[in-house]
Structure formats: C-alpha cells, structure tokens
Amino acid sequence: MDFLPTNGAEDNPIEVAAPRMPAAAPELEPGAPTDLELMHAIQEEDPEALSLLYDRYNGILKALILRVIHNEAEADDLLQEIFMEIWNQAKNFSAQKGKPLGWMVTLARRRAIDGLRKKQAYARAGERLQNETEQQPDAWVHNATEEEITFSDTRILVRRVINTLPVAQQQAINLAFFRGMSQREIAAHTNTPLGTVKTRLELGLKKIYDGLKELRDEL
Amino acid sequence: MSFEEFQNQARLYVIGALEADETETFELARKQFGQPAEDCIAQCYDMHEAFALSLRPAKSSDALKERLMAMVRKRQNT
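From first to last, the protein sequence lines are chains A and B. Add 35 to the 1-based position in the first sequence for the working numbering, that's all there is to it. Add 2 to the 1-based position in the second sequence for the working numbering, that's all there is to it.
Next up, chain B with everything else stripped away, as it sits in the complex (with noise of 0.2 Å):
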C-alpha cells in the first residue's frame, strides 16, 4: 500500500466505513508507516471536528445541566 493509498483509507478508517479486512490490511500499513500513518489518522480525526461543527447546536434543558452536575459532585464525594 503506497502512502497515498494509506491517506486513502485513513479518511475510511476514521469514520468506521472500513470492513474487518480492509481494517487489519489497513492497521499493518500503519505500523510500517510509523508515526506519519499516526499523524495522517490524527489530521484525518479533525474531519470529525468539522462534521459537527457543521450542525446547527441543539438545546439542552438546563435541568439536564444540573442532574450532571449533581452527579459529577456526587462521585467526587464517595
């Protein structure tokens, strides 16, 4: 697998769209390709980033806020 296929699949593997094979062929080609391959992944991640930042925000409830925080504060305190 050249780099550029690499860069290929990493964009797949990122979004979870590689089948089982195309996953282990693709897990071999990083370990050859070492941390570039990891930089490549790591880039690739930012498109996750961008997806939903491309999404109008939603609106939580504020009671929802503080269930978690009361949760939050409660696992802090055992």
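Excised from the complex, chain A in its bound form (with noise of 0.2 Å):
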C-alpha cells in the first residue's frame, strides 16, 4: 500500500486505542496566539509570526514535501522557498475562503508537484538523450523522520477515516493528491479503465469527506 507510511499498531486502526476527538490542527499551548492571528501579523509583516508558525507547521509541511518528492535535500530547498512565498503572499491570504494551514497546505502541494513535475520533465529529457544523471535512493518520509515521530490524536484519528477505504481508492487519491496525476494519468499509471479509477475517487473522497465531517460534528 501506497497511500500512507505506516508501522507497528496504526497499520491496523482496530489496535489503536480511542484517544479524545481530535482538533481540526495541533493542539496549541494556553495563550499561543492561534493561526489565524499569526497570518494576521505576518500581513504587517512581523518576522516573528513567521518564525512561530514555522514552528508550528515546518514539520508537517515538510512531510507532505517529501511525500511528493521523495528527496531530502530538495523538500529542504522547497520549504524554504515556500515560507519565503507564504511570507511574500500571505496578504492574499483571507479567512473567508478557508484556514491558514489549509491555505499553506495548498501551496505546499503545488510547490511540491511542480518540483515534481520538473524533475519527471526533466528526467524524459536525459532519457532521450540517453543520458541518465544518477540519482539518489528515494529518501521515504518515515525512513528519515522515524525517530521525529510524533503520535497525535489528530494523526490517528485522519488516517483511521482513510485506512477504511479500500487499498485502490486509497491508491487513487495517493496518486491524485501526492503525484498530482489526473484521472486519465492514473488510469494510465495503474492500466486500470477511466471508469473505474472514476468511481474509486469518487468513492474514496467521498468517504474521507464524510468520515472528517463526522469527527468536527463529534466536536
């Protein structure tokens, strides 16, 4: 299975134990200033408000990096330049259209695709000219960051709502939201029929849609 690393008692969500419902994001210390705060003074341009939600969220940014790209010192490079953009554009950021981390997550993934995209390009190119460069091993998340885990409610308890799909719905939505692949490019991936690879995300987004409404309604 591709979708997720897991190890040890997450791979099988029966065996984790119940923890309290979870927060839509980390749970922050009594009066750290939320998120949405710190946008707001990352709006008048405050260095220390990048600072903390760089703290707050370089982890999790990271992860989802390496989770497209595969390469430890690129994803280094990418989350650098993406702070840097979230620090340039963050006055279009507005809380109307969504949250801050969502609104970074966002970026990030689009940052991280188009790296990823680049490389593939270019990679087609130096097969052409049959010219491969050497590349290093994949650098998977849970390889590098194994001793930087941290067990969170709200980690569980998200990938406990994907774990109940079905190994190819989570296989499509792997492909879609990490590779960045449309449904023709994964059917082509996976030599699966249009069709089918349709219905799989369909299916499996709609699930994890329906799972995380009910743990916010459980809130």
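Hints may be right or wrong, so weigh each one.
[What the hints assert, rightly or not] Here are the computed lysine-lysine pairs in the DSSO-like style, where the Cα-Cα straight-line distance is at most 27 Å:
1. A:K132 <-> B:K33
2. A:K233 <-> A:K248
3. A:K126 <-> B:K33
4. A:K153 <-> B:K61
5. A:K153 <-> A:K242
6. B:K61 <-> B:K76
7. A:K248 <-> B:K33
8. B:K61 <-> A:K154
9. A:K241 <-> B:K33
10. A:K241 <-> A:K132
11. B:K76 <-> A:K126
12. A:K242 <-> A:K132
13. A:K242 <-> B:K33
14. B:K67 <-> A:K153
15. A:K154 <-> B:K67
16. A:K132 <-> B:K76
17. A:K233 <-> B:K33
The hints are simulated quantities; they were obtained by calculation from the structure and are not laboratory data.
Join these two chains into a complex; the hints should help.
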C-alpha cells in the first residue's frame, strides 16, 4: 500500500487506542497565538509571527513535500521557498476562503508537485538523450524521520478514516493528491479503466470527506 | 449537474484530478450554484489539511530556519 507510510499499531486502525476527538490542527499551548492571529501578524510583516508559524508547521509541510518528491535536500529547499512565499503572499490570504493551514498546505502541495513535474520532465529529456543522471535513492518520510515521530490524536484519527478505504481507493487518491495525477494519468499509470478510476476517486474522497465531517461534528 | 454531482466533482477539483473538459463544466456549475458552491469548495479544501495532518512530521535543520529568517529580514530592509 502506497498511500501513507505506516508502522506498528497504526497499520491496523482497530488496534489503535481510542483517543479523545481531535482538533482540526495540533493543539496550542495556552495563550499561544492562533494560526489566524499569526497570519494577520505576517500580513503586518512581523517576522516573529513567521518564525512561530514555521515552528508550528515546518514538520507537517516538510512531510507533505517529502511525500511528493522523496528527496531530503530538495524538500528542504522547497520548504524554505514555501515559507518565503507565505511571507510574500500573506496579503492574499483570506480567512473567508479557508483556514491558514489549509492555505499553506495547498500552496506547499502545488509547489511540490510543480517540482516533481520539473524533475520528471528533466528525467524524460535525459532518457531521450540516453544520458541519465544518477539519482539518489528515494528518502521516504518514515525512514528519514523515524526518530521524530510524534503521535498525535489528529494524525491517528485522520489515518483511521483513510484506512477504512479499500486499497484501490487509497492508491487512486494517493496518486491524485501526492503525485498530482489527473484521472486519465492514474488510469494509464495503474492500467485501470478510466471509469473505474473515476469511481474509486469519487467513492474514496466522499468517504474521507464524510468521515472528517463526522469527526468535526462529534467535537 | 445536480448539487450532489457538483459536490462529487468539487472533491475531485480540489485535488486537481478533474480533466480540462470536466473543469470547464465544473466552473460553469460553480457559477450557477453561487455561494453554496463556494462553501462546498472551501469545505473540500479541508481535505488538504487532513491529508497533511495524516503524515508524520519530518524534521528540518535549525540552519534552514536561520536562512529563512535571514532572507525575511533582508527582504524587510530593502
């Protein structure tokens, strides 16, 4: 299964102890500024706010980038670029359109997928010239960060929702979300009829959407 | 397109899985449905956050943060 790296008890959601319900994002220390407050401060060009936002989310965003491009050094470069973009583009953030973390994740994912496509285009050009560049082995998130694992209620519960999906649905969502593939590209990549891919994506995403909604409603 | 179909398409739209022709149809329906459509799309974007939160955080070096903050301060001073 290629959707999310797993190990230990998290492989089987049934074995995961029932934690309390999650917040939408990691819990904050009492008195700590909210994400929205930090975004407003960044809009006012307060570097300390960016520093705090970095401390809070660099791990999540780097994990996301690594999940897409599988290269530690490139992930660090992209992470730095993304936080610079957060700083530069903060004025375009609007709380009416969503939460700060969602905005940052969307931005990070887009940049990571762009980076992946550039790499793939470069690799294809290299193949045509029969002059392939030797690549570093993939640095999977769970290998690179095993010591840094912090088990959070949120992560366990989100994964519990995802793990209820059939493997084929997880795979289709993985290819769409983390590789940026369209439905046709997924169909070609997995040698699956396009209609089947559409159905898998629609059913899988609906289950995740409904599952997350249930979690929120139970809060 | 019914609103239920629009919701299905919205979930595909936010992860970029719609084909070009489907995106065109989706954008038309988005205009037709108005604010409920925008609310639906905003909710679907929550899935991005959830996917990211489902991953184990990865460690970055302190030097990376120092470089970033130096760039920010340099940008402020120009």
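Now the hints, each set against the structure:
The straight-line distance between the Cα atoms of K132 (chain A) and K33 (chain B) is roughly 16 Å, inside the 27 Å bound, and the hint therefore holds. Between K233 (chain A) and K248 (chain A) the CA atoms are separated by roughly 22 Å; this keeps the pair inside 27 Å, and the hint holds. Distance restraint check for K126 (chain A) and K33 (chain B): the Cα-Cα separation of roughly 25 Å lies within the 27 Å cut-off, and the hinted pair is therefore satisfied. A hinted pair counts as satisfied when its Cα atoms are at most 27 Å apart, and K153 (chain A) with K61 (chain B) qualifies at roughly 25 Å.
Distance hint between K153 (chain A) and K242 (chain A) is unfulfilled; the C-alpha atoms sit about 32 Å from each other, more than 27 Å. Taking the CA atoms of K61 (chain B) and K76 (chain B), the gap is about 25 Å. The hint holds against a cut of 27 Å. Of the pairs offered as hints, the one joining K248 (chain A) and K33 (chain B) holds, with about 25 Å between alpha carbons and a cut-off of 27 Å not exceeded. For a cut-off of 27 Å, the pair hint linking K61 (chain B) to K154 (chain A) stands: about 23 Å separates their Cα positions.
Restraint check for K241 (chain A) and K33 (chain B): satisfied, since their Cα atoms lie roughly 22 Å apart, inside the 27 Å limit. This hinted pair checks out: K241 (chain A) and K132 (chain A) have alpha carbons roughly 21 Å apart, not beyond 27 Å. A threshold of 27 Å between alpha carbons decides the hint, and for K76 (chain B) with K126 (chain A) the separation of about 19 Å falls inside it, so the pair holds. At roughly 23 Å between alpha-carbon atoms, K242 (chain A) and K132 (chain A) fall within 27 Å of each other, so this suggested pair holds.
Taken as a hint, the K242 (chain A) and K33 (chain B) pair is honoured in the structure, with Cα atoms around 26 Å apart against an allowance of 27 Å. Restraint check for K67 (chain B) and K153 (chain A): the C-alpha separation of about 25 Å stays at or below 27 Å, so the hint holds. With a C-alpha separation of about 25 Å, the suggested pairing of K154 (chain A) with K67 (chain B) holds against the 27 Å cut-off. Pair hint K132 (chain A) plus K76 (chain B) does not hold up; C-alpha atoms about 30 Å apart against a cutoff of 27 Å.
The hinted pair formed by K233 (chain A) and K33 (chain B) meets the criterion: a straight-line CA distance of about 23 Å does not exceed 27 Å.
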